[in-house]
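Peer 1: Taken in order, these protein sequences are the chains called A and B.
With UniProt numbering, letter number 37 in the first sequence gets 37, and the count goes up by one each step, no holes.
With UniProt numbering, letter number 172 in the second sequence gets 172, and the count goes up by one each step, no holes.
Quick caveat, the hints were computed from the structure, so don't treat them as lab data.
Nothing here was measured: the structure is a model prediction, and the numbers come from that model.
A virtual CB, placed ideally from N, CA and C, is assigned to each residue, including glycine.
One or more of the hints may lead you astray.
Per the computed footprint, the stretches of chain B lying under chain A, defined by three or more beta-carbons under 8 Å from a beta-carbon of chain A, are [stated by the list, open to error]:
| no. | segment |
| --- | --- |
| 1 | 42 to 51 |
| 2 | 124 to 131 |
| 3 | 217 to 231 |
Not close to chain B: a few residues of chain A, all C-beta gaps over 10 Å, as computed [stated by the list, open to error]:
| no. | residue |
| --- | --- |
| 4 | Leu-36 |
| 5 | Gly-53 |
| 6 | Val-87 |
| 7 | Arg-124 |
| 8 | Arg-247 |
Derived contacts from chain A toward chain B, CB cut-off under 7 Å, selection only [what the hints assert, rightly or not]:
| no. | residue |
| --- | --- |
| 9 | Ala-127 |
| 10 | Ile-161 |
| 11 | Val-165 |
| 12 | Val-182 |
| 13 | Ala-183 |
| 14 | Gly-186 |
| 15 | Ala-226 |
| 16 | Gln-248 |
Protein chains: 2
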Amino acid sequence: MKIIASRDNSTFKTLRAQRDTAHALLDGPHLLAAYLDKVGRPLRVIVSESGLGHGEVSALLARCGGSEALCLRDALFRELAATETPVGILAEIAVSTTDAAPPRGSCVLLDAVQDAGNVGTILRTAAAAGVRDVVLGTGCAGAWTSKVLRAGQGAHFDLAIRERVDLAAFLSGYSGTSVATVARDGESIYAIDLSGPVAWIFGNEGAGVSENSAASARRRATIPLAEGCESLNVAAAAAICLFEERRQKLVRMAET
Amino acid sequence: MKIIASRDNSTFKTLRAQRDTAHALLDGPHLLAAYLDKVGRPLRVIVSESGLGHGEVSALLARCGGSEALCLRDALFRELAATETPVGILAEIAVSTTDAAPPRGSCVLLDAVQDAGNVGTILRTAAAAGVRDVVLGTGCAGAWTSKVLRAGQGAHFDLAIRERVDLAAFLSGYSGTSVATVARDGESIYAIDLSGPVAWIFGNEGAGVSENSAASARRRATIPLAEGCESLNVAAAAAICLFEERRQKLVRMAET
Chain A
1 MKIIASRDNS TFKTLRAQRD TAHALLDGPH LLAAYLDKVG RPLRVIVSES
51 GLGHGEVSAL LARCGGSEAL CLRDALFREL AATETPVGIL AEIAVSTTDA
101 APPRGSCVLL DAVQDAGNVG TILRTAAAAG VRDVVLGTGC AGAWTSKVLR
151 AGQGAHFDLA IRERVDLAAF LSGYSGTSVA TVARDGESIY AIDLSGPVAW
201 IFGNEGAGVS ENSAASARRR ATIPLAEGCE SLNVAAAAAI CLFEERRQKL
251 VRMAET
Chain B
1 MKIIASRDNS TFKTLRAQRD TAHALLDGPH LLAAYLDKVG RPLRVIVSES
51 GLGHGEVSAL LARCGGSEAL CLRDALFREL AATETPVGIL AEIAVSTTDA
101 APPRGSCVLL DAVQDAGNVG TILRTAAAAG VRDVVLGTGC AGAWTSKVLR
151 AGQGAHFDLA IRERVDLAAF LSGYSGTSVA TVARDGESIY AIDLSGPVAW
201 IFGNEGAGVS ENSAASARRR ATIPLAEGCE SLNVAAAAAI CLFEERRQKL
251 VRMAET
């Protein structure tokens, strides 16, 4: 395995610039294991010199059989790894996005959700709710950045993710029920029939769903909060909506 | 107003050490405004020299009438403020905890939830769901630390918060239904009657609810996830459970 010791090495420079390209870096054994389970081998696997001694790292390295492997001096590795105490393994993968037409099933649209933790948590929740398509409009945190990958906990590999999408144009081609979530004066989410395909729109942490996106949706829905409370964290709101949809679909399945 | 310019000033030193005491620092206009609306005047209000020029800061300062006011040179202020771009106002408040006996209504118990963002988001969700009592066991992020306050968005002032509580002892005095949330093999949350008082237990990000806490609960509940998905972020799970309870209670209220 090639060992890189210099900051001036061109491969190292490329890796460090990775976050804005069509490649992404998976940080740590958990994400790499999820990728190997669900997708396949990464393009390249990168270990730290001290990581070579970890049993978990060498087991993963063995599973990456055909992938190019690189070893970095620990100091260089720390510059690439996003976490403070990296176990010593990173994997470079091709980012999997799609430009396919709107799906027939349910999907989640994010309108300028800026916080990486929120975007990653919503991806994780969508996968757990059985929703496969997630569409990020402009102004969202990048789906394949290290913080979003970390919060997603591997959900990325179960999803079809679209980025930098014009949400209004997307919705015009969607045949199911589109629902913009708004802080007040929408229909109660509990009063809407969610047993068919639903496109949910969740908005920016401060401003909510933009007027333009809300106008493109067929319905506006509100989570009925306790008296005197104004809002929820957007990832909490998404969890409530997506699992209300899942609950209604489970009830319907049990009835038929 | 007294201006503090030196790092050696004893008041400044005390403020900097604040986070482990019975006092907490509210960072920024949003939290202070929520406190003024819901609780009253802070013990002390602290502004940065440049903050004095902001209209929002001077309006809040006026609302803090009887509170002691301090002005810090900008460099000192930045050492105290938790956010990267502080607007220039902090408030010192007495931490409001309770040792009262378990409530009769619903409550949320956190078992070693370590991430400050998760704890704060759960506090915010609990308040929005109409749950008033939150009980933090050992190993949780401190409820009154700056990151938890920020994620809580003012929910702290709507809640009765207990910290460093023996959860099993607390549950032994609770008369409602106690429900430990577990990743698998519990009853479906949708199959449990949540129309009466419920004590929910949510567990650590990695390990979940400890065996000891789960054994103290009357029931074990699981959120039914899509095939192949293992888990949710704990704050997302809490949102789903607390709003399933709220939905059931709203249905019951509509029926009676």
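Peer 1: Hey, does the Ala-183/A contact hint survive, CB to chain B under 7 Å?
Peer 2: Where the cut-off is 7 Å and the nearest Cβ of chain B is about 11 Å from Ala-183/A, the hint is violated.
Peer 1: Classify the hint on Ala-226/A as holds or violated, based on whether any CB of chain B lies nearer than 7 Å to its CB.
Peer 2: holds, 3 Å
Peer 1: Is Gly-53/A truly not at the interface, in the sense that its beta carbon sits beyond 10 Å from all beta carbons of chain B?
Peer 2: Label holds. Min Cβ-Cβ 23 Å, cutoff 10 Å.
Peer 1: Answer holds if the nearest beta-carbon of chain B is closer than 7 Å to that of Val-165/A; otherwise answer violated.
Peer 2: Not OK, violated: Val-165/A not within 7 Å of chain B, min 23 Å.
Peer 1: Using the nearest Cβ pair, does Val-182/A come within less than 7 Å of chain B?
Peer 2: violated, 15 Å
Peer 1: According to a criterion of three or more residues whose C-beta lies within less than 8 Å of a C-beta of chain A, is the segment 217 to 231 of chain B covered?
Peer 2: With 8 residues closer than 8 Å to chain A, the segment 217 to 231 of chain B meets the three-residue bar; holds.
Peer 1: Report holds or violated for chain A covering the segment 42 to 51 of chain B, Cβ cut-off 8 Å, minimum 3 residues.
Peer 2: It is violated, with 0 qualifying residues against the three required.
Peer 1: For Val-87/A, which was marked as not at the interface, is the minimum beta-carbon distance to chain B over 10 Å?
Peer 2: Correct as stated: the minimum Cβ-Cβ distance to chain B is 14 Å, above 10 Å.
Peer 1: Next item in the hint list is Ile-161/A. Is there a CB on chain B closer than 7 Å to its CB?
Peer 2: violated, 16 Å
Peer 1: Measuring Cβ to Cβ, find out whether Leu-36/A lies farther than 10 Å from everything in chain B.
Peer 2: Non-interface label stands for Leu-36/A: nearest chain B Cβ at 15 Å, farther than 10 Å.
Peer 1: Using Cβ atoms and 10 Å as the threshold, tell me whether Arg-247/A really stays out of contact range of chain B.
Peer 2: violated, 5 Å
Peer 1: For the restraint on Gly-186/A, tell me whether the closest CB of chain B is nearer than 7 Å.
Peer 2: Given a least distance of 15 Å, the restraint on Gly-186/A is violated.
Taken one by one, the earlier hints fail for this structure at numbers 1, 7, 8, 10, 11, 12, 13, 14 and 16, listed in ascending order.
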